[in-house]
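Under the working numbering, think of the first position of the sequence shown as 1, with each following residue one higher.
It should be emphasised that the hints constitute simulated quantities derived from the structure, not laboratory data. Quick reminder that beta carbons are idealized off the backbone N, C-alpha and C, glycines included. Be careful, since some hints might not be right.
Now the in silico label distances, taken between C-beta atoms and shown as ranges [as the list claims (entries may be wrong)]:
| # | residue 1 | residue 2 | range |
| --- | --- | --- | --- |
| 1 | Leu-76 | Pro-6 | 43 to 49 Å |
| 2 | Asn-37 | Leu-125 | 38 to 44 Å |
| 3 | Pro-101 | Arg-10 | 26 to 32 Å |
| 4 | Thr-52 | Arg-10 | 15 to 21 Å |
| 5 | Leu-53 | Leu-125 | 31 to 37 Å |
| 6 | Leu-88 | Val-59 | 24 to 30 Å |
Straight-line C-alpha distance at most 25 Å; calculated SDA-like pairs for lysine to any residue [stated by the list, open to error]:
| # | residue 1 | residue 2 |
| --- | --- | --- |
| 7 | Lys-117 | Leu-49 |
| 8 | Lys-117 | Val-69 |
| 9 | Lys-117 | Ala-106 |
| 10 | Lys-32 | Asn-44 |
| 11 | Lys-117 | Ala-81 |
| 12 | Lys-117 | Val-64 |
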Amino acid sequence: MKAWLPALLRLAVLALLVVFIISPGWFEPLLKPLTENGAPAIYNQGSLLTLTLQHLRTVLVATVAATIVAVALAILVTRPAGAEFLPLSRSLVNIGQTFPPVAVLALAVPAVGFGEKPTLIALFL
1 MKAWLPALLR LAVLALLVVF IISPGWFEPL LKPLTENGAP AIYNQGSLLT
51 LTLQHLRTVL VATVAATIVA VALAILVTRP AGAEFLPLSR SLVNIGQTFP
101 PVAVLALAVP AVGFGEKPTL IALFL
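Based on the provided sequences and hints, a complete structural model is requested.
Below you can see the structure in the form of structure tokens.
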């Protein structure tokens with residue numbers, strides 16, 4: 001009997017998340033006591049479902065692009081013709097991993113402006 005309880009709890013939390021994404025206004029009475037000075041509990045910047053799908057699309061595009069570049073370069077440096085680039089590629093990857101995405105975002109915004117482009121750059125790197 002207790003074995004299915006965690007699964008049921010996860011399902012309930014997932015259902016609440018789906019309801020929140022589809023209709024966040026239903027949760028406003030619950031969240032209103034947490035605000036101060038009459039501030040809105042939920043800001044309407046658009047449909048939460050639409051914003052979630054846009055976010056997932058951005059992450060998917062950056063992930064696919066990074067994967068394609070990474071696999072292509074990995075194939076290149078593991079072949080005899082590109083073996084001399086292996087130490088260079090390792091150094092570049094190590095340097096790239098030291099920069100947090102927020103720092104990349106801060107550098108990308110002045111270069112390409114606000115919006116989805118700097119986010120894609122930060123996620124790609």
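Hints, one by one, checked against the model:
The hinted window of 43 to 49 Å between Leu-76 and Pro-6 holds, with their beta carbons roughly 46 Å apart. Checked against the hint of 38 to 44 Å, the pair Asn-37 and Leu-125 passes, with Cβ atoms roughly 40 Å apart. Checked against the hint of 26 to 32 Å, the pair Pro-101 and Arg-10 passes, with Cβ atoms roughly 29 Å apart. Here the CB-CB span from Thr-52 to Arg-10 is close to 19 Å, well matched to the stated 15 to 21 Å.
For the pair Leu-53 and Leu-125, the beta carbons lie near 24 Å from each other, so the given range of 31 to 37 Å is not met. For Leu-88 and Val-59, the Cβ-Cβ distance of about 29 Å falls inside the hinted range of 24 to 30 Å, so the restraint holds. At most 25 Å may separate the alpha-carbon atoms for a hinted pair to count; Lys-117 and Leu-49 meet this at roughly 21 Å. The straight-line distance between the Cα atoms of Lys-117 and Val-69 is roughly 18 Å, inside the 25 Å bound, and the hint therefore holds.
With a CA separation close to 12 Å, the supplied pair Lys-117 and Ala-106 stays within the 25 Å bound. For the proposed pair Lys-32 and Asn-44, the alpha carbon gap of about 14 Å is at most 25 Å, so the pair holds. Between the alpha carbons of Lys-117 and Ala-81 the distance comes to roughly 34 Å, so the proposed pair goes past 25 Å and is violated. With a C-alpha separation of about 15 Å, the suggested pairing of Lys-117 with Val-64 holds against the 25 Å cut-off.
When the structure is compared with the earlier hints, violations turn up for hints 5, 11 and for no others.
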